[in-house]
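There are 2 protein chains.
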Amino acid sequence: MPDQRTVAPRLDIGGIANPRSVAVFGASDNKEKFGGRVMHYLTRHGFAGKVLPINPNRAEVLGIKAFKAIADAPKPVDVAILAVPAAALLQSVQECAAAGVGCCVIMTTGFAEAGTDEGREAQRTLVETARNAGMRIVGPNCMGLISPLANMALTSSLVLEIDRIQTGHVGLVSQSGALMVSIFNRAHDAGIGFSLCVSLGNQSDLEICDFIDYLVEDKNTKAVCVYVEGFKDGARFLRSAAACRAAGKPLVIVKTGRTPAGERAAQSHTASLAGSYAALQAACRRHGAILTDDPDAMVRLADLLVRWPTMSGDGIGVLSPSGGGAGIGVDRVVESGMRLAQLSQATKDRLLEVLIPPQADNPIDLGGRRSGDVAGTAGKVMTPMAEDPDVAAVLVVLTTVPFYEQTTKELAMAALAAGKPVLFSVTPGSAADGPRRGLRAVNCPYFDSLDQALRVLRLMVEYRALNQADRTVPPRPADLPSAPAPAQSGRLTEPEAKRLLAAYGIPVTREAVATDADAAAAAANRIGFPVVLKTVARDLVHKSDVGAVKLNLGDEAAVRAAFAAASDAVRKAMPGAAIDGCVVQEMVRGGEAELIAGIRRDPLYGPVIMVGAGGILVELLTDIELALAPVSPEQALAMLQRLRLWKVMAGIRGGAALDTRAAADAISRLSFLAVDLGDRLVDLEVNPLMIRKAGDGVVAADARGQLA
Amino acid sequence: MPDQRTVAPRLDIGGIANPRSVAVFGASDNKEKFGGRVMHYLTRHGFAGKVLPINPNRAEVLGIKAFKAIADAPKPVDVAILAVPAAALLQSVQECAAAGVGCCVIMTTGFAEAGTDEGREAQRTLVETARNAGMRIVGPNCMGLISPLANMALTSSLVLEIDRIQTGHVGLVSQSGALMVSIFNRAHDAGIGFSLCVSLGNQSDLEICDFIDYLVEDKNTKAVCVYVEGFKDGARFLRSAAACRAAGKPLVIVKTGRTPAGERAAQSHTASLAGSYAALQAACRRHGAILTDDPDAMVRLADLLVRWPTMSGDGIGVLSPSGGGAGIGVDRVVESGMRLAQLSQATKDRLLEVLIPPQADNPIDLGGRRSGDVAGTAGKVMTPMAEDPDVAAVLVVLTTVPFYEQTTKELAMAALAAGKPVLFSVTPGSAADGPRRGLRAVNCPYFDSLDQALRVLRLMVEYRALNQADRTVPPRPADLPSAPAPAQSGRLTEPEAKRLLAAYGIPVTREAVATDADAAAAAANRIGFPVVLKTVARDLVHKSDVGAVKLNLGDEAAVRAAFAAASDAVRKAMPGAAIDGCVVQEMVRGGEAELIAGIRRDPLYGPVIMVGAGGILVELLTDIELALAPVSPEQALAMLQRLRLWKVMAGIRGGAALDTRAAADAISRLSFLAVDLGDRLVDLEVNPLMIRKAGDGVVAADARGQLA
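Protein sequences, first through last, are from chains A and B.
Numbers 1 to 708, taken from the working numbering, label the letters of the first sequence in order.
Numbers 1 to 708, taken from the working numbering, label the letters of the second sequence in order.
Among the hints, erroneous ones may be present.
Pairs involving identical chains hold if they fit within one copy or between any two copies, as the list cannot separate such chains.
Said to hold, decoys possible - Derived DSS-like pairs (lysine-lysine); straight-line CA-CA distance at most 27 Å: (1) K33 - K380; (2) K33 - K409; (3) K68 - K50; (4) K348 - K409; (5) K31 - K409; (6) K647 - K543; (7) K31 - K50; (8) K380 - K420; (9) K33 - K68; (10) K31 - K65; (11) K420 - K348; (12) K50 - K75; (13) K380 - K348; (14) K65 - K75; (15) K420 - K409.
Hints were generated in silico from the structure; no laboratory data involved.
Isolated chain A (complex conformation) (with noise of 0.2 Å):
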């Protein structure tokens, strides 16, 4: 939905994170009353600004003095939030328009996400009520916002039931009301605060761009956290995304909707068009984006990239103080991808001087001390793994031993000095409520669960390698077509997208389409024996399935023979359907492996280019890697090298290396034609592109695809 704003906002983003005054809606003493929680929250957590509740049958509340509309409030009213019943929201919200506030938080449900017109409807006429005056919505179906720096709660949920609101570097932008919350609560308990939390809901007229945008500018922000359900603009997303980069903070995002079941859930809630999540995660690893699945995770993984922006490698150290905990810690470190950091005899050697040989190395159990003192032995243990080059970061799993939150807060000082991440897992339940105390008071992040700490540390692992990457956006190579635009649209035959593909500069089959017998065997003497021959009709998707492809045709006869052949078959299979006759290509000779190579336009994020296991293997394996067109060969490369046929090119077991720069040019190209293509492009797919030994290069067997 376009834009159709005809007055200008009366207030920025930073005007609603910061308001000089709020009035609340439904204003009550009562907290078993949305706007007594709200209420209760603004006062009890000293929002700086003006508390201005609305309501017609008190004078005061919760002793502030109150007004029986809004109407009556004195200006300027920078804030509404109301949680009115659907059916009264339009007329209170008329009702802020006319009284000049900036912008309404609105929480009342039964809006787009009810799934029905009615819902649509009224939420359309929310908007237009406000845009044609200038005022803003958050929301509907939202729980607010948080403002720790304006020690503003302007949210009804009860996870404000705490003394003090903490302060931080995080921003926090969710399209889920009870998700915001949840998180919120979370990371209070872990003691992480907030610069910003915000709720979108429907995004009916801000979006969760609006705030990163705001977030990216904020100097309090240094990470922002994104729970999203879907993108109402991806273009927009990618440039709120880039402008994170550029500022240095990252960004890290949770999306549902991933898998189709996810996506009803979520589509059914926001009423918001779900993007493929493949199409994101290219989007993000060209923006230095990171993605998770676990929203606390997220919110941690942003406090520890604020804490420890780089990580100096990717080895990991693991340090408990029960072999059993070390054996935990380094199984799940393994199996979970990372690698363990490999000591350097320096290290050892200092190690020695406190345990006994067969833990004086990665992992460290602190039960092989030499002395009986683990309270004296634990910072001289710790120290030296900390200082080693190749740890770049510090897994504690944190079993039991007598006494140990002394132990606890020297491990983790000595963890802490030398500057590098360190985690603990805390393994015990309420008995480790000391050692918990312990690190909180030295500031040291923990973790309840391996599994977060894990998800985290390889977020931080993966962060790393995201930041080495190559993201810039290639240039255009000189020696592509300048206007390419096909005269087809709809589906096109193979001949057809071949001409696409070498109009690019990517090799196909040298093949020739025939209209009879007779064609189709002087073809075949021109490209030479023997030759493929496959019967070419618009409408045929699986020429196979219905024998209109003829392998391994030796000599003329065979190849006559076949032309009538896979004709009548098609004929057969497809009565009426229109055959332009047939194509004869080479039989391609040498093609050690198979890739399929595709490009796509996502409706979110644009152009996106696809390369993975051909043949066979993409039914056995999802090898398959994505990116945001266009890439350059070297790029190209670098995702040939994710997959795990990678191992296949680079030569098995003595095999030959095959021609991967020939490969990542020919997908390059391809990225490239889906670039020219813009909005035109649906699909267009080459499988198999055979990959023929070092310097043979590559060649376009089949290919497919269909335009707008």
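On the provided structure of chain A, position chain B as indicated by the hints.
Same frame as chain A, but now just chain B:
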């Protein structure tokens, strides 16, 4: 180490788990000391038996009469617990042996786990001393045991700083002491009690299986959990697992040392040999035991299997008070490999009475209710979902809704009333302590981590599948040779390996060994062109790499030339190697896919059979299934069906189905060969086992092996 016991044990395991009396070495009032804490926990939790403090310097400890030495204590002394320094330990143990003590529980460290000859020798002396007296040992290097029904906390761990030891039906046997107490504590927090917790440490005398066998007989135990770094005796473990199975008691295992690095950590801790994890997985599958990677999940699973021993299916219902929670829940359920339940129309109709249309399906977002009163709606939503025939278990992703303690209870009670497993994942932190209390009050399982809820749910689904699988040991087919023992030992040549296969009725290539070019040509004529020729040399492992394999030889001349060229190549690559001529083989035709099939003898679990995707896919995929040998053809077929390659074998995209029956038959026969070779088997591998179209059989194209 064989059991060198010369004297019958004074006490059985039941007597150790429920002793009449416990002597505490180093008993003290001082909780800073091991013996002080043990005394405190024994008395605090009301141990019903006699407590006998041993301390040369004290007349009484905590008001209980103390003894200068164990010899002075009144008999019988069933159990003594010792945490005395390593140097003094042997003398204390000797005194115990002399005083008629039934079992020493030794917490002292510095024995075999130190990895020194000295430590191993000291441990050997300990064990000998005990065995000669009929005394048992738990430990050394353990954390004792907890016997809740006897109110006995025989450990120094601070996790006993609780008001009451809960009793329950889960038995826990842990090699690691630290993990035992950590697991105990988490379970305590979750309201889960045990029938017994014991830590074995170095398993110097009593070992894990002694306690599994005890728990199998113990009427208070309904499920058994085992944390293990290494079993002492694999065959014994198989018997113990089978006994659990026969008793209908689920056996849940966490094994560390799964990765090579983890293996080092585990070995240096307990000085025990870690068996191959894949073989353990096969052993567990055979005996219906379940493996996981998280100790807490192990106990949570056991608790749920005690509550709900069976599941009606594998369909999962997901319900959340918010769309965000429903979306996250569904994505994670699907990504964890589980299946979302398909609600019946009748269920949807019932849901439509309280929910708006988009929510009246799985997953359910309670926010989509028709009335505003969530507490009145929750049960009316949960009941139809939990009663739906395709819902086998319900996952509730509890985000936040106002006043949700009541809602939570209502949801829990409705779900529990349906009699199906229900798992709550509570997403907020301390803000949800109220709902947590509500869940505990109605005894409904909940998880603070969605990861853990998903892991346990997935394990329940796995356990159900495991119980449905055919786990019988198949009878021996009548046509197998009765005395197969081959004359060779050491490395087998390809023809030798194939003769073994052929003797077991596994189809191999038609072939003949020739010692000169004339004989090779004659053999090729008998076999039929084209043929394959390979040099036979016992020490030649990678034949292709040195040019010892010549494919597709079309006539006599080609065979003669190949004979010379291949022999020359081997002589050049391995000067002085013994060459036993060449083998001339049929060139296999019609092979549509390649399998790898192998047998080996695992040092702990005996003969195992492996099957997987062969040829180049061995390197690309780890598409492998392992089972204990022997397997029936039906069991072999089930192994094939678990491979990704099954898609290809079953006939992909209209392709022909392959001869999976013949493949399964060959695998079954190979598994019996593994059994018959007994201790002589090192390994034997067919790669590739070519599989042709259905009806056309399989053929072993290459094979290698090694016998002891």
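message: My question is about K380 and K348: at a cut-off of 27 Å on alpha-carbon distance, are they close within one copy, between copies, both, or neither?
response: within (12 Å within a copy, 63 Å between copies)
message: For K31 and K50, with the copy left unspecified, which applies at a CA distance of at most 27 Å: within, between, both, or neither?
response: For K31 and K50, only the intra-copy Cα distance (20 Å) is at most 27 Å; the inter-copy one is 56 Å.
query: 27 Å Cα cut-off: does K647 pair with K543 within a copy, between copies, both or neither?
result: Only across copies: K647 and K543 sit 21 Å apart there, 31 Å inside one copy, limit 27 Å.
Alpha-carbon proximity between K31 and K65, which holds within one copy, between copies, both or neither at 27 Å: Classified as within: same-chain Cα gap 18 Å, cross-chain 59 Å, threshold 27 Å.
- prompt: When no copy is specified for K68 and K50, does a C-alpha distance of 27 Å or less occur within a copy, between copies, both, or neither?
  reply: within (17 Å within a copy, 76 Å between copies)
task: Measure nothing new, just compare the shortest in-copy and cross-copy C-alpha distances for K348 and K409 to 27 Å and report within, between, both or neither.
output: within (23 Å within a copy, 55 Å between copies)
message: As a check of your reading, is K33 near K380 (CA-CA no more than 27 Å) within one copy, between copies, both or neither?
response: between (56 Å within a copy, 23 Å between copies)
message: When Cα atoms must be at most 27 Å apart, do K65 and K75 count as within-copy, between-copy, both, or neither?
response: within (14 Å within a copy, 81 Å between copies)
message: As a check of your reading, is K420 near K409 (CA-CA no more than 27 Å) within one copy, between copies, both or neither?
response: So K420 and K409 pass the 27 Å test inside one copy only (16 Å; across, 44 Å).
- prompt: Can you tell me if K33 and K68 fall within 27 Å by alpha carbon in one copy, between copies, both or neither?
  reply: within (18 Å within a copy, 70 Å between copies)
- prompt: Between the shortest in-copy and the shortest cross-copy C-alpha distance, which are at most 27 Å for K380 and K420: within, between, both, or neither?
  reply: within (16 Å within a copy, 52 Å between copies)
task: Could you place K420 and K348 in one of the four classes (within, between, both, neither) given a Cα distance threshold of 27 Å?
output: For K420 and K348, the Cα distance is within 27 Å only inside one copy (19 Å; across copies 54 Å).
The structure agrees with every numbered hint stated previously.
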